[in-house]
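In order, the protein sequences belong to chains A and B.
Sequential numbering from 1 applies to the first sequence in this note's numbering.
Sequential numbering from 1 applies to the second sequence in this note's numbering.
In short, the hints are calculated from the structure, not lab data.
Just so you know, not all the hints are guaranteed correct.
Said to hold, decoys possible - Simulated pairs of lysine-lysine, DSSO-like, Cα-Cα distance not exceeding 30 Å:
#, chain 1, residue 1, chain 2, residue 2
1, A, K118, A, K145
2, B, K24, A, K118
3, A, K160, A, K145
4, A, K118, B, K147
What the hints assert, rightly or not - Pairwise CB distance ranges (calculated):
#, chain 1, residue 1, chain 2, residue 2, range
5, A, R136, B, G37, 35 to 45 Å
6, A, P141, B, E93, 14 to 24 Å
7, B, R204, A, F211, 28 to 38 Å
8, A, R214, B, E135, 45 to 55 Å
9, B, E254, A, A57, 22 to 32 Å
10, A, I148, B, S92, 28 to 38 Å
11, B, D205, A, K145, 29 to 39 Å
We treat Cβ as the ideally placed atom computed from N, Cα and C, and that holds for glycine.
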Amino acid sequence: MYEFDFAPLVRYWQPLMRGLGVTFQLAGICLAAGLTLGLAVGLMRYSRRRPLQWPAAAFIELFRNAPVLVQLVWFYYAFPILIGTTMSAFTAAVLALSLNTAAFSAELFRGGIQSISKGQWEAGRALGMTEATVMRRIVLPQAVKRMIPPLTNRAIELTKMTALASTIAVPELLYQGRAINAVTFRPIETYTVVALIYLVLLWAGTLVVDFLERRLREADA
Amino acid sequence: MIGPSPGGSLPRDRAGSAVVRLEKVHKRFGDLHVLRGIDLEVVAGETVVIIGASGSGKSTLLRCINYLEVPDAGRVFLDGRPVATRDGGVPSERELSHLRRHVGMVFQQFNLFPHMTAVQNVMEGPRSVLRMAQEEARELALRQLEKVGLLDKADQYPSRLSGGQQQRVAIARALAMEPLVMLFDEATSALDPELVGEVLLVMRDLSQAGMTMVVVTHEMGFASAAADRVVFIHEGQIHEQGTPDEVLRDPRQERTRAFLRGLEHI
Chain A
1 MYEFDFAPLV RYWQPLMRGL GVTFQLAGIC LAAGLTLGLA VGLMRYSRRR
51 PLQWPAAAFI ELFRNAPVLV QLVWFYYAFP ILIGTTMSAF TAAVLALSLN
101 TAAFSAELFR GGIQSISKGQ WEAGRALGMT EATVMRRIVL PQAVKRMIPP
151 LTNRAIELTK MTALASTIAV PELLYQGRAI NAVTFRPIET YTVVALIYLV
201 LLWAGTLVVD FLERRLREAD A
Chain B
1 MIGPSPGGSL PRDRAGSAVV RLEKVHKRFG DLHVLRGIDL EVVAGETVVI
51 IGASGSGKST LLRCINYLEV PDAGRVFLDG RPVATRDGGV PSERELSHLR
101 RHVGMVFQQF NLFPHMTAVQ NVMEGPRSVL RMAQEEAREL ALRQLEKVGL
151 LDKADQYPSR LSGGQQQRVA IARALAMEPL VMLFDEATSA LDPELVGEVL
201 LVMRDLSQAG MTMVVVTHEM GFASAAADRV VFIHEGQIHE QGTPDEVLRD
251 PRQERTRAFL RGLEHI
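Here chain B stands alone, though its shape is the one from the complex (with noise of 0.2 Å):
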């Protein structure tokens, strides 16, 4: 169960048990059937990478973790606990925060708030969604800027840093809020390539500390040394998963070898 403990720390007693859970998701866009029955488990601990063509759904799916989209259809269940939907499947704005609170997102474009410093940004959700009181939330987010090496930039604008910076900041800032789940939306892709290598550490350094992860990404090299188990959507649909092993250098489907093989030629 979800507590209302702020934020909700990891116990280590949870390993093995699923933190997110999506049963037959489907989703449309007007006409267009982004997800066809989506069944995905993460347990706790795990750092699950999502890889697939653009257009295949991916972030999607993601996106439905933490019900920035709206599945039409199906069940996502946080922490063995269902979200409650309303009429349409729309939850409450109550039930989103409460959701949301526990799953932390990192996007593409970083979107960081742009009229606040790095550590006013991993401040802000303590402080305005938990309630966390001023010097409290200030601690907590320095922690959170030193574990992204990024202490020395606390006072910084987001306009004063690079791309790279500024995603680890985003990353911080989702740290902050002790989520369950971190979800990574292609948190690379926007970054000049000299760029993506500091990221990718950090994200491979919360995956060795055990962080519950979903990793939308392109990045093959991430793929095979961090994840634990890698995830091919195709067409809406899981065509295959299994360990980085499985599915990168041994895939059993024709699809997901097409794919594979296209990314060699980049």
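Excised from the complex, chain A in its bound form (with noise of 0.2 Å):
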């Protein structure tokens, strides 16, 4: 019978919080450029105008279809050679991590626009709103609280894929993880604990959520 033995762990916990910290850093700054960029390339690929809908579509394309792990590795091993310069592991993995979730998301504001009836672009150009403030003002608030259950996988996807950021030797939650058992020994130990803390973590940002969402529907309803 294994013996469990959470003792070297214990000793460990202050590297376990900073690998923690990094894995929040991580995915806070690129949900944040990932959003971003991803309503701006969304709003291109609903544009009207072709030079704005093509590069936005070609964008999207790329980085939906090809794996997460290997864009990492592209941003950390050949990005920097290609434009001649160093960068760090945490940089590409932002640069990577964003983008990517920039591809997913500005299809999501795409279809959030779209599901938003033709009569409200037309009361508020009747009004005399210009398009970006029917944009601004009517439509995008409708299709965002429309998109939050979507938005929220693709908040905890990415949390979930930033312990591929690992593999480049950013110091995240798994990282440390793998740092710990190779002077532990104790891989059962070690690996339940950070997968809980993973689920735990994604765990609450659902419920967190799923507040939200539920008061946003209540007030108008």
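Make one complex out of these two single chains by using the hints.
Encoded structure:
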């Protein structure tokens, strides 16, 4: 019978928490950057102007159709050579994960915008609003509300994806777990704890968003 | 002239001058020639009711006035000033905004903004188009809601209101821009029968208060009670027009008679 021993892990709780901090940082930065860029790309994709549509479509297809791990490795090893510079692992991870999130959320934004009825546009226009004002004041607020569930999923996916950054030695939660395992030889305890931290983190996130969604729905029900 | 004054009010001395004028307006949707040379003049304070079978082009005519549909040919004048168009007859966004802030519109499906309360709906135009201050816009909005009898519903979201109440909020929303003319596009067609009356009552009050109105409707009772003029549209052309008595009681044209007979059987 295997004897569990969490004592070594307790000794290393500080690096583990530092790793969790890096995970938070990475997920937070990539979510903010990814959604902002995703909104811009989504609006371009939705635009009636061809010169805006095409680059947006190309961007989306590029980042949706390559494995995230490949994007991560590419940004760390290949991209710096291409542009003739060096880049920290963290920066490479931010680039790869943000752009990936942007590509996926761009399609979410476009879909959300398209789901708003033509009548809403006409009501805004009839008041004398410009297209941009209708988008900002009428369409986007409604679209974003409808997008909260899929955007939450995106945020959760992104948080999970940050674990991939351990492969390019970003000192996030999983990377720290591996480092601790290397000195304690306690894989069961170490990786179980790492997995549980991810689980609690993401589950708590889901609860918060469920709550927000319910609040929003009550507001206009 | 349309001045830069917010919304533009309705000066008394304008009575009798043309607020809206359509000149030989044509509209096609693909192969379908929906409007075939419409000439129409609506003078200040006048209520014009447009009737006709579905597909006759009456809604399209209304939507050409504020350029929700862009006419393929012909010209639209607001308050004596032609709507300036560029290539393909499309006005600039600035010109469109300028035109539309003076033309209120009420839709069949209400089209209230569901993420805003009643008073926020009414404030939205003055706020984001006329750049009115928050407090001023709210006061204005509450006055308009009072006008349509919904002051007590100011802080309700549209989903909590009946269809008739929603449509009255929509009327208040259009009125808050202090438009030169109000367009009603089958404003009561989507309502349950018992809710039609309250909306028509608001419309009749507006008409009596001197608002210039162009009303597309199937409510002949409203037409005979409130219209200064009834216009019958058939196959994209004005087939007959005159006072309600002339057109509704004693139409000259066979088509008009047939249309009115058809309504009686419903």
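Assessment of proposed distance window 29 to 39 Å (beta carbons of D205 of chain B, K145 of chain A): This hint holds: roughly 36 Å between Cβ atoms.
R136 of chain A versus G37 of chain B beta-carbon gap, inside 35 to 45 Å or not: 39 Å, holds
R204 of chain B paired with F211 of chain A, Cβ distance criterion 28 to 38 Å: With a Cβ separation near 47 Å, R204 of chain B and F211 of chain A fall outside 28 to 38 Å, so the hint is violated.
Agreement of K24 of chain B and K118 of chain A with the hint, judged by alpha carbon distance not exceeding 30 Å: 28 Å, holds
Supplied distance hint 14 to 24 Å, evaluated on CB atoms of P141 of chain A and E93 of chain B: The hinted range 14 to 24 Å holds for P141 of chain A and E93 of chain B, with Cβ atoms some 21 Å apart.
30 Å limit on alpha-carbon distance, applied to hinted pair K118 of chain A and K147 of chain B: Given pair K118 of chain A, K147 of chain B holds - Cα atoms ~28 Å apart, limit 30 Å.
Cβ separation of R214 of chain A and E135 of chain B, checked against the hinted range 45 to 55 Å: Between R214 of chain A and E135 of chain B, where Cβ atoms are some 32 Å apart, the hint is violated.
Given pair status - K145 of chain A, K160 of chain A, alpha carbons within 30 Å: 24 Å, holds
Straight-line alpha-carbon gap K118 of chain A to K145 of chain A, limit 30 Å: Distance of about 17 Å is within 30 Å: holds.
Outcome for the supplied range 22 to 32 Å, where the beta carbon pair is E254 of chain B and A57 of chain A: Distance hint for E254 of chain B, A57 of chain A is violated at roughly 56 Å.
Pairwise beta carbon distance, I148 of chain A to S92 of chain B, judged against the given window 28 to 38 Å: 36 Å, holds
Violation of the numbered hints given earlier is confined to hints 7, 8 and 9; the remaining hints are satisfied by the structure.
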